[in-house]
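> Start from the sequences and build out the full structure, keeping to the hints where you can.
Residue numbers (the UniProt record's numbering), protein chains in the order written: chain A, 1 to 105; chain B, 1 to 105.
Incorrect hints may have been included.
If several chains are the same, the list does not tell them apart, and a pair holds so long as it fits within one copy or across any two.
The list that follows gives simulated cross-link-like pairs (lysine-lysine, DSS-like), each with its CA atoms no further than 25 Å apart [what the hints assert, rightly or not]:
| # | residue 1 | residue 2 |
| --- | --- | --- |
| 1 | Lys65 | Lys13 |
| 2 | Lys13 | Lys27 |
| 3 | Lys36 | Lys13 |
| 4 | Lys65 | Lys102 |
| 5 | Lys27 | Lys102 |
| 6 | Lys65 | Lys27 |
| 7 | Lys90 | Lys11 |
| 8 | Lys102 | Lys11 |
| 9 | Lys36 | Lys102 |
| 10 | Lys11 | Lys27 |
| 11 | Lys90 | Lys27 |
| 12 | Lys90 | Lys13 |
These aren't lab readings, by the way, just hints derived from the structure by calculation.
2 protein chains.
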Amino acid sequence: MAGFKHLVIVKFKEDVVVEDILNGMQKLVSEIDAVKSFEWGQDIEGEEMLGQGFTHAFLMTFEDKQGYTAFVGHPCHVEFSATFSTAIDKIVLLDFPSVVVKAAT
Amino acid sequence: MAGFKHLVIVKFKEDVVVEDILNGMQKLVSEIDAVKSFEWGQDIEGEEMLGQGFTHAFLMTFEDKQGYTAFVGHPCHVEFSATFSTAIDKIVLLDFPSVVVKAAT
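Right under this line is the structure:
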C-alpha cells in the first residue's frame with residue numbers, strides 16, 4: 001500500500017521491556033482509525049557498523065498526510081508518545097508520501 | 001505484505017543527483033526477482049532534531065530471509081552497492097522479519 005508513511009527507528013534504553021512498548025503500540029493503532037496498516041521488526045542482521053545501534057523499526061501507513069496529521073494530534077498518540085519518549089535511547093523519524101516502484105503481488 | 005524487510009535510511013552527499021540513484025535502484029529491483037516489493041520516500045516533515053539529517057527511506061520486501069540473502073549476493077546488487085556507497089553521507093540499515101499488527105485493507 002502506498003499512502004503516507006510514518007517510519008520510526010529506535011534504540012531502546014537497556015532496562016526497557018520492549019514487549020510492554022509493543023503492547024501499547026498495538027493498542028494505539030487499534031484505537032486510531034487513521035492508521036491503515038502497522039508493521040514492525042527487530043533487526044536480526046546485527047551489522048553494528050551499519051545499524052548504528054538502532055534495533056527496531058516501526059512503520060505505519062496512512063491514506064494521506066491528513067490521516068497522519070490526525071494520528072499525530074490524537075489524544076491516544078499524544079499520551080503514548082510521552083511514555084515512548086522515556087523508553088528510547090536514540091530515534092530517527094521519517095515521514096513521507098510513499099512511492100511504490102515494485103508492488104507486492 | 002509481511003515477509004523479510006530490508007530497510008535503508010540515508011542522507012545523501014550534497015552533490016549527489018538522487019534521481020540517478022533512484023533510476024539505478026529501479027533497474028536493480030526489476031532485475032532481481034527475489035525483491036517482491038520496493039517502495040521509498042523522501043521525508044517531508046523536516047523535523048531536523050528527529051530526522052538527524054536522514055532524508056530518504058528505502059524499503060524492500062522479500063518472501064523470506066533466503067530471498068534477502070539471494071538479493072545481497074546477486075551480482076547486480078554487488079555492483080549497485082559499490083556506486084551507492086559513494087553517494088551517501090550517512091546510512092542506517094535494518095533487516096528484519098516483518099510483524100504485521102494491522103494490515104492494509
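> If a hint holds in the structure, say so; if it doesn't, say that too.
A quick look at each hint next to the structure:
no.: 1; hint: Lys65 / Lys13; in the structure: neither (30 Å within a copy, 27 Å between copies)
no.: 2; hint: Lys13 / Lys27; in the structure: within (21 Å within a copy, 39 Å between copies)
no.: 3; hint: Lys36 / Lys13; in the structure: neither (29 Å within a copy, 34 Å between copies)
no.: 4; hint: Lys65 / Lys102; in the structure: both (22 Å within a copy, 19 Å between copies)
no.: 5; hint: Lys27 / Lys102; in the structure: between (31 Å within a copy, 11 Å between copies)
no.: 6; hint: Lys65 / Lys27; in the structure: within (22 Å within a copy, 29 Å between copies)
no.: 7; hint: Lys90 / Lys11; in the structure: both (5 Å within a copy, 17 Å between copies)
no.: 8; hint: Lys102 / Lys11; in the structure: between (29 Å within a copy, 23 Å between copies)
no.: 9; hint: Lys36 / Lys102; in the structure: both (20 Å within a copy, 7 Å between copies)
no.: 10; hint: Lys11 / Lys27; in the structure: within (21 Å within a copy, 33 Å between copies)
no.: 11; hint: Lys90 / Lys27; in the structure: within (23 Å within a copy, 34 Å between copies)
no.: 12; hint: Lys90 / Lys13; in the structure: both (8 Å within a copy, 23 Å between copies)
Checked against the numbered hints above, the structure violates hints 1, 3; every other hint is satisfied.
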